[in-house]
Every structure is written in structure tokens, then in C-alpha cells.
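A.B. asks: The task is to assemble the complex, starting from two chains supplied on their own in separate frames and drawing on the hints.
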Amino acid sequence: MTEFEPKIVAFVCNWCTYAGADLTGTSRIKYAQNVKIIRFPCTGRIDFMLLLKAFGEGADGIIVSGCHPNDCHYTSGNFHARRRWIMFRGLLDLLGIDVRRIQYSWVSAAEGAKWADVVNTTVTAIRELGPYTDYAKVANYLEKEANV
Amino acid sequence: MSKIGVFICHCGENISATVNCGKVAEVAGKLEGVAYSTDYKYMCSDPGQTIIKQMIKEKGLDGVVVAACSPRMHEPTFRKACSEAGLNPYLCEMANLREHCSWVHDKSDATTQKAIDIVRTLVEKVKHNKPLSTIKVPVTKKALVIGGGIAGIQASLDIANAGHQVVLVEKEPSIGGHMSQLSETFPTLDCSQCILTPRMVEVAQHPNITLMTYAELEKLDGFIGNFKATIRKKAKSIDEKLCTGCGLCTTKCPTKKIPSEFNEGLGFRTAIYVPFPQAVPNKPVIDKLNCQYYLKGKCKVCEKVCPTGAIRFDQEDELVELEVGAVVVATGFNIMTTSEFPEYGYGKYPDVITGLQFERLASASGPTLGEIRRPSDGKIPEKIVFIACAGSRDPAKGKPYCSKICCMYTAKHAMLYQHKVHHGESYVFYMDIRAAGKNYDEFTRRAIVEDKVNYLRGRVSKVYEENGKLIVKGVDTLLNAKPVEIEVDMVVLASAGVANPGSEELAQKMHISYDAYNFFSEAHPKLKPVETNTAGIYLAGACQAPKDIPETVAAASGAAAKVAILFSQNELSREPVVAVVNRSAPPLYSTCVGCFMCATACPYSAIGEEEIKDRKGNVIKKVAKVNPGLCQGCGTCVAFCRSKSIDLDGYTNEQMYSEVMALLNE
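One line per chain: the protein sequences are R and U, in this order.
Going by numbering that gives the first Met the number 0, the first residue of the first sequence is number 0, and it counts up by one from there.
Going by numbering that gives the first Met the number 0, the first residue of the second sequence is number 0, and it counts up by one from there.
Hint data in this document are derived by calculation from the structure and do not stem from the laboratory.
What you were told as hints is all true, and nothing was included just to trick you.
List of simulated lysine to aspartate or glutamate pairs, EDC-like, C-alpha gap at most 20 Å: (1) R/K29 x U/E12; (2) R/K35 x U/D108; (3) U/K527 x R/D70; (4) U/K451 x U/E424.
Chain U extracted, bound-state conformation (with noise of 0.2 Å):
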């Protein structure tokens, strides 16, 4: 028989306007299961609380219904409250009389019988409460950070300066990622590689940093502070114990004319390889897709020349196990590709470029060593044309967000044009001048009015070839949507910002939510925006959205954050609202007969498999078992089973269909 106490409060005036307290608890007082009743005005103040800790010890309650406001208000309070009376706090609910009756309702008897029939059913739920008890999680300080870009280098540094454990794992042989590619930055032109390279050289030589370049996940298990992630360290060819990265390889390496993927395609590379002089770490890799070796089993000049012998053409991909606590997921994003702009002739012509290319040539570093030089004849461009939103606020063709960062440099390549050829004449196209952030307009004017950049307002139609020009149409909306014709020697195009290549596949690897876009999704777009739907997992830099330098290292920052907050903690308390696979004695074990259409409904693979087996270790039966560190409580699979096996600890089958009864049944 239920001790059950009932504490009606009057909030004030809040319910007691409209509600009848005193009937709501003399009826309550009656309910079959209720030792006590009570109303008091109010019930969360100290007194109140103490009126409920008094009845719980004095009565013996074993369940208390708080009849107030939401209980996505006080339910902590309250439980708190019975917790501190020695009353396990999940017997203990509260009946919502204020936002959902009394606010709600003019003063009636009908709305006082409202309220007692609130009561009433949160009265017959309590008593099918079970004591629950928190769940402890124990939590593996170690972070995995997933790219080696800027966003993943900050949150790295980040994690490791508050002494904890991080893997940072880059998928190309180096990490610095498009930040490295950057000639300048803007709004300040300072050199990208001048701030960046030192921040990656600290990642090397950090002491709570372990790099593993080359390497992608492979699979990631477990849930919050319990990961198990498998990374797999491509093959390098090489020995990086004995590798000194003296270089001699990649000067006598036979294979010479392949694409510099660093360069964007406008330099050349060798078989074996650093992306770029300032890479990190400063090793070769061999790329066994151009290798000589590799392709028609000859050559090996690399390992005659090597001084230290630490080429290994019999390497294989090794895969790593690593058990970590949380995941930074900083995987950057890409650059739409040449295909999708035939108007713009990408592709057909080669002075036809994009931003990042321009970046290359204009970088110090890059193969004209920073002069402009158009990558057909390697002639400095007289005239130059950039346009902006190639492929961005494009539903029709490209993609319908704006990409954000492209106004800025934009601005900025114009400027580094007009500096560096200073007879040169630049045209901006573009449809909007979306300048918002720190200096950031002062920078694009100053392209206008110091620089002397000619910006249109209009898009281009077409660019074609004419007399070794490019002839680039388009329309000035400005001067009363006049066509525009410019002949000009080099066209840059402003790429949309695009998900990375892959993305998609990531994403499902680690169970985290993408949009339409293949971007990483957030869990709450303003209040949780480094949070991922999965706990433990956090989203830093422009794998979520096009991003800019400063915003990217600021996300990064607060990724890190975050990682550090969990980690602060040596055990995680989880709500106990979670699914369970009921068990029962022998033959039947379980009323589970083991469909798993559990499992294929749950949003979290919290549902795995578990083996009943007899006393000889052979197998009974399969039977579906929650995992209570994935488990989030949402219920579906108690919906989704067709035996009643699973249930919810908090939402149980019993106490809903008796809340059901009890409201329908005065």
C-alpha cells in the first residue's frame, strides 16, 4: 500500500487566483494510496520545502506529488528536496497546476476539478515509481581531435595547455591545412604562414599532443567520456624514426610532374613528398599512386639516395586503437569544383581560377614566389576581373547560403593585385558587399577608395576567349542594369564554401547530425553551437559552416572548452531515464525474442546484442540490451517493440497507461 504525500501549492496568487487549493487538497487528502495532504503558498520557498522533508520522515512517504508549476521548472528543486529527506528523488513528480490550469482558466469549479484531476493522475503515475539511481559513467581523459587545420591545431593547443591528453589526427601527410595555403590574411594582411607556422611547430613538440598525420578515422565507438576510436595511419613508405627530413629523396625522385595539391594544381610535386617546405612533421611521404616503384615495380632511387636507409616500400596501413573521452571534429571544408561553373569557362580556360589558386600565387611561397603571373604564359595580368559569389546565393546552380568569407578576400586579392602590379586594373563583380566583423568594412573600403578596385554591382553571364583575352559579360545594376564588356587577362573566381568531400561518411562513422549541405549540424544553433547531437562530440571550425580565421579559432576555443569541462570530472552523472530489456527467471530469460527492431529505431545505436548463455557457456538466445551510456530516455523503442520487453525507467509502460486511467476516471 502506497504512503503518498500531496503538497498543493498556491504559488502565491498564481493558482490560488483561480484554483481552489484547499478543495484540490481535501480531495487529494481521500485519493486510495494518499497518507497526506496538504496545500501551502509556497511550496518552493524554504519553509515549503521543509513542510515536504517534515511529512516525508514523519509519515514515512513513499511518493510525493508536488502540485505547482512546471516541472521543467522545479523538478529539480523538489526531488532535491525528497533526495535530502532520504526519499529516493525520481518518486517524487509534480503536477503542472499553474502554466497548464490555472494560468490557463477563468475561476470555476470546472478549473478546480481540472486541477484535482491533474492530481489525481500524477498521484497514480507515483505510485508506479521505481527508485532510480543515477548513472556513473567513468570518463577517459584523452581527446581526439579529428584535422589538423587551424581550427584543429587551436583546439588542440587548448585541450593539451589544460594538461590533458590529446590525439590530433590529419589526414594529408602535413597539418596546417587551408590556413597554410593563405598568402595574407585579412582584414590586417598579415602572413598567413608567419602566425601559422608557429602555432604547428608547438603542436609538434607539445608534450600532451600525439600527431598522426596521414591517418583518418576508421570507426568510432562507445558514447560520452568512453570512446573507441580506430585510426588508420596510411602507409608512409617511410621510417620516420630514422627519417632526419633532410630532403634528399624528393630532390632526385624521377617523377617530377605531378599536381601540387598544395599549390592548387599550379606547381608540381615528385612522387615522394613534402606538401610544403614548412610542413609538419618535416617528413616524405611516398605516394604510392604516382610511385614509379609502385606502378611498374622499378626505380627506387630514393632508397639508394636515402643517407639514413629509412625507406620502406613494404609498409602497410597500420590501423590504431585509442580509447578517448571526447572528439573534436575539425575537418575543415572545401572549395566547389571547376565543373559547376561552364559559364566562367573554369576548366576550359587556364586563366580562369579560383580564390584559393590566387591565394598560391600570390603567396611568397607559391610557385611564382608571389608574383601574379597567369598560370597559361605566366604573363602579368594587365587586367584582372574577380568574381565574387561563384557558386554562393545560388539556389539555382550553386548553393543557396552565402559562403561568407569571400567578400573579405576578395577584397583582400584585389588589394594584394593592386600592390603588387601596381599599373594593373581590377574589376570586383558581385551582388552584395557582406563586410560584418571586426575591420572588416573599414578593409573592403579601403580596397575602393585606396586601391582604387572597381567594384560593380551585377553578376557575369559569360566569359569566353577572344584574341588570347578573356572577355568577361556582365552587368553593372547600378548604372541602370547596363551590359558591361571587359577584356581582361586573368579571372578569379570566388568559390562557394562547400562540405568537405567524405563528409557524409564521417559523419554517420561518428553518429553526428549533418544539413542539406553535408555540413556538421550543432546541437542548438545559438545556445549549443560547438555541442553535436552526440554527447562527448564537438564541432570546431568551418566542418560546420563557412567560417573565417578569427571565428573558426574562437569555435575551436570553445570546443575545447567544453572538452575540458568534461574532463574536469572524474565520473559523469547521467539521468536514469533509460530504456531497459526486461529479464526474467528461466526458461524464458527474457520476454525478448530478439527482432532488434529496437535497435534499427534508436537514434543513438544505444541497442547492441547480448548472448543468454546456460552454465556450459552455449548460447540460449540473443536478446537486445541498452547501453545506459548512449541510451538518451526519447522512448521510441519502447513504442517500436512488439513484445513489451523494453521499457523506460521514468515513462514505464505501468505508469503510463495508469496515468491514462487515472484521468479519465473521476
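Bound conformation, chain R alone (with noise of 0.2 Å):
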């Protein structure tokens, strides 16, 4: 039998995390290939309506990462980023998705390295986490609401 593989999507910002993956490849750094990077402009940016509709359409983990707090190059998007996750987290439970499956990190546009970690670390959990079956629920759920 073949080792899973895991879908994972990588949220990122344009200034700190997406500038760190490239220093990461400029730097010749391996990782493992399951992690495909969506490039927003920041972390504020993104809805966390996403991270649900990448579960809906089949991702087994996700990764939102942006800059360090105080770091944002639009001065506080991270910040809200960062609140919204705190709030977000806590309906993961009801939605029947195992926080696990989410990595929130911050990767600096310097820190290459510690973004192949940050990959490679979720891959690994991921793995053990298994491949994410529920997502029909979340799926029938999304439409449900759509349709309100």
C-alpha cells in the first residue's frame, strides 16, 4: 500500500510568508511536494470562508501564514488575521474539522528555512491525522448555507 499523500493549501501573504518560500527555493531548500501556496496580499485578506471551501473541495490540511505581528507591511492586517483565527477556532469543533488540520504560523520574508519546517512539519501531522473524509458534510453544509 502507497503512503497517503495529503492535499495541503498554503494561505499565504505576498510580503512576508510568499517572500520567505522564495528564499526557501533561492536557498535551495528541500520539502515536501504536498503543499501548493495560494499568494494573497495579506493575511487579512483572506476569508476564512476559504480555508472551509478548501476542505469542501477535497484539501486534507491547510496552512495560513503571514508576517510576524508588528511586521505586516500593511501595519495591522496580521493583527486581524490573528483575531479572526482565534474566533475561527473555535467553531472548528462544531464543524466537525480537527484543529489539527489547521497550521497557523508566521514565516518572515527572511526565514526560508523555517518555511520548509513549517511544510514539513504539517506534512508530517497531516499524515498522521489521516486524509480528511468529512468533508461531504462540510461540503452539503456550504451549500445549505449558500442557498439561505
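C.D. replies: Here you go:
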């Protein structure tokens, strides 16, 4: 039996983590192939419904990463994201999503090695959790929500 | 139906070594909506760009995905190429195959598959891209400089000499700032007033500079190139046009015992006063808080003696509105207040003074005409102690930072004392001598070697009075931490440089950020030292952190250069990545319900209100409106909007959702 290869989506900001991931590349640090990045201007832009959508579309895990506190290119976007995450985290249980499937972190433009680390740790963690099979439930929930 | 072109770059071997580029191009070509796909060795090269341009024209492409390096690297290159071929540049996206795929994975089918996934994601995004055009905003070529110390003076003169209009606003009755209070300057010991006052006069006479003294910023609205500033001109109670500056009123004023701000409380001034003889403008103001007429309703001596009838007791504050394109903030610093050093006896013993007070004592224009005399009895101090780091580098009681200028001015003070009191003895208690700067270390050495100033490495624990003498208890850490007790006549504290009171409020008025110590923050500590996070507002001098004069002047000229660069353009082009509130047909007009959550979230105060009116002018509803000149495109408002009425061009909900869906559906 082949090993389970989780599908992980990374929601990252353009100024810190995207640039940090660029640095991982420039430094030729290897990491797992499971993570694919979507670029946002700022973590403040990330509507957490997108995270639910990703689970609905079959993601097994998610990384949200932006600038460290006080380093936001837009001054406060990352604080809004952090506050949103604290609220959202409490709702995950209700939705039947294991909170460990979302990795929330800060990776600066200078932390290429940290990005590789975040990716590898998340991949290992999700691999242990196994595939996310409840997505149909979430998808149904979203559909119902959309029809209200 | 979209006609998208996908262009896969090999980047020499950087991508093709681990990704099968041919395969990616082949699969991409079969994606829905893709009209053309190819791979090429160097897409960014001239022939590479030519392929893109040719195909846009030949196939009539309405979207382009270039799968190559990071968009942070070459997005402008490829967008420019698209634009040259007649395609809106914002219909071009980049898929990052190099930094995010080929360089971080080994060669395998999975790596190629990831590359395909990335390309597919961006193809889906491009399908929802809209043509955008760069935002053009006009530039008002007039600068506002806040603060008339050496920083503001330098910035104003530089901008004015570049041919632009400048309004210089100073809250005190005269420009000059702290530099005008100084006796002599390190490391050359040239007289501060001698080098400063010609500059002050130049400001007053410059045809491009409008000087507003006794005035403060009341309000600042708008954005880069288009600020609206409201200045409060405080009532001076004189008619400046009639006043000749003869000074008769100041000599006759009966209220003579007001501590002089300029002399740091060591001298007195009258209620109608000019802060110092070389003041610019050299015209008096009436201090309403101390004037007998304003306090008791009688006196008017100044009015009686004024030969030109320039006194105006009924004058009121005036609000002046200005349209400016750029703002230079040069509000300077202050020194730590008295109450913070009970152990040094400041405020308790009159002969414990601050460095700035010592400057006044040593200054030829000061209350003692340049003789070092102690404030209590006017005697010449035979022994004097200087305490460095009074409040600086003291996380427990003072400020954790180094105030930077104190080591140098303490050496200067000790030197000036030795030059003026030849038989005197001077001691300096210091933690470290920080004299980094051109000719700085040589200067402090000179104080120690030539002028025989006694430097003791250690801190002072207590200063107290005994038999008319001040006893300084300290420690000399270079002598096995031996306790030291010195009986002296005067103590000078090198108090920490701190932010001006009210700087927090001022920063909030201008929407610029400030640090934990209320110093204004630069946009980047290294690469944008004079810019703030708000475009069009620049910093000069010690309002940012303690700075010496050369550094302040350099920063001021830097800020002036930034203003001149801004003013070299008639229009500013801005990236059209801005938030937009949707509009729809009546009766809805917009799905915005006017909750203004977005406005509270916006870090730039870019969101305001818009009233939707019917033909009769009745307000139907209030909705949010984004000012594209202020919006920086972070999108925080978009995630906040509960009715999904606000969206970010370039990163719309449609684009982001289709990316998520494409990424996960092979």
C-alpha cells in the first residue's frame, strides 16, 4: 500500500511568507511536495470561508501564514487575521474539523528555512491524522448555507 | 469563452532539471479555456517575450499565464510585455514554478504534477481577471513642514531651493528649535547660533517659503499628492503687519518674572515677549496665560507704548486650510522631565541641572552671558559632576534605548567648563563612552587628555546636600568597584532624549505609526529611513529617534529629496489593486448595508461614506466608499465585509475561490 499523500493548501501573504517561500527556493532547501501556495496581498485579506471551501474541495490540511506581529506590510492586517483565527478556531469543532488540520504560523521574508520546516511539520502531522473524509458534510453545509 | 495563453519557462535548467516542462505545456494546452501553450528556454529573454507578444496578437489571447520564476521577480517584466502587445497588463499572471517547485523538490513525476497543479490554478485565476488601469492622481506641488528646528529649516530650504512652495509651521513664537538654545556644538566647538541664525533668516526671506509661527497642525486629511491640512494659527495678540519689532513693549511689560522657556527656566521673560534676541520672526507675542490684561482685565501697558498701534487684544485663533502634496514631520524631541530622577535630586536642589540648562549657562546669549554660575547663588562652581545616561539605557526607571547624543555633549560640557573655569575640577560618571562619528572619539579623548576631565566608569546612586555642598555617591567600576564620594558645587544630568509630549496625538492626526516610546516610525528601518507608512509623509530629525545635528540635517535633506522626487511628477501612477464597493441596479443600488465594519478595519482610513440619492436629492441609503488614492490594497476590509459587498481588484473573491477549487480538483 502506498503512503497517504495529503493535499495541503497554503494561504500566505505576499510580503512575508510568499517571499520567505521564495527564499526557501533560492536557498535550495528541499521540502515535501504536498503543499501548494495561494498568494494573497495580506493575511488580513484571507476570508476564512476560503478555508472551509478548501476542505470542501478535498484539502486534508491548511497552512495560513503571514508576517510576524508588528511586521505587517499594511500595519495591522496580520492582527486582524490572528483575531479572526482565534474566533474561527473555536468554531472548527462545531464543523467537525480537527483543529490540528490547520497550521497557523508566521514566516518572515528572511525565514526560508522556517518555511520548509513549517511545510514538513504540517505534512507529517496531517499524514498522521489521515485523509479528511468529512468534507462531504462540510460541502453540504456550505451548500445549504448558500441556499439560505 | 476564454482564450488563455500558457508559457512555460525552463529558466535554463533551473526549472527543466526537475520539472518536465514539455509535459506541463502539453497538459496545460488541454485545459479548458487555454488556446495556446508552449515551453521555451528563457521566457524573460527578448525572444521569449516576443513569443508571448506574437501569440497575443496571432491567437487573440485574452489572458496570459507565464509559468516561470516568482512574480516578485518578473511580474512587471511580463505584464509590460503583454501591455506592449495590446493586452491589459492585469490580465497576465505568473505561476511560480521555480522558487516554489523546481528548486525545492527533486526530479520526479510528482514534481511535474505539482507544476501542472500550480499552472492550472493560475489559469483558473486569470479567467476571472478583469482589465484594470493604473490609477492616476494629481500632485499638489506644495509641501507642509511641521516643526521649525534645524530639521524643519533644512527640509524647507532644500524643498524651496528645488523650486517648490513650502509652508513651515512652528508651534513656538520663533523658529530655531533646540539648536538655537545650544552654546557650542560638538565636535568642532563652533557656536550654534552663528551657524543656525543665518539659516533662520534665509527661511524668513525665501520667496518660496511661507512661515507660520505660533501655529500648530489641527487636522490632516487626504493622501499622497493631495493632502488637506488645517493649521491653527494661535492668536499672537499683535498685528504682525504693523509691528516693527522695536521691542518697546517687552521692556515696559510689568509682568517680568515668568520663567523663560528658551533659557530652560534659568532666566525670566515678560508676558509680551520675543523668546530670544535672534528670533525669527523678531516680533513679540502675548502669553495669554500670564498677561495681566487677560488675567485681570487691566494693564494694557504694551498698547499704550506701542508706537505703531500693533497690539490686538481681541485677536482670536485662526484656522487656515492648506492644500499640500507632501508633509515633512520635523517636530523634534524633548528631554526627560525632572520628576523622574529623585535620587539625583533634580527639582529638589537648584544646582542639579539638565544638560540643556547647562547649554544656556554656557551660552553667550544665556542668563549668565556665558559664565558658568550656579543657579542657587550665582557662584562659579569649583567642582562639577556630569552624570551621563540619566534615564537612558535604564529599562527599570528610564528608557531602555541609548539617547546617542549625551556622551558627546557631556564631553563638550566638561570641556566648556574647563575652558571657562580654569582651576575647576570636573568629573563625568559614565557607563560607556559612545562616540561613534566623524571626529567624535578624538573629541572625547581631547576632553580626557587635554582638558583633564576625570572620567569615572560607574553609576551614581545618590546626590544629596550637606553643608551647602552636593555630595555625589557613586562607584568606580574600573577601580574594583570602589565606592566614590565627591563633594561638588553643581551636578549636570545628561537626561535622556524623549519624544515630544503630544507626539502620539500628532501621529494619530496624520495616521502615521509611532513606536513604544512615541517616536515616529519609519517605513523601513534600513531602506526607507525617512518615509513613513503613509505615502507622502516623511520624517526628518529627532522626532524619529534621538539624533545629533549632522544626522538630523542629513535626514532632513533626505526627506526633502523625497519630496522633490514626488513633486517632479505631475501625476502619480498607482497599482490598481484597490478595494471597490459594488454598485447594482435600483432598487438595491449596492449590496452594502452601511455597517462600516470595513472602515473600522482599514489601516489607512481609506473608507468613507457615500450617500445614494434619488432624483429629488433624498438620501436613499448610505454605503461605504473607498478612496483609491488612500487604499493600499491589503484587502482586510474584504474579509471583514459581512455582505460581500466590497472586493479587492486583482484578488477578488471570485479569483481566490476559483484558485482554491482549481488547486484541489485535478
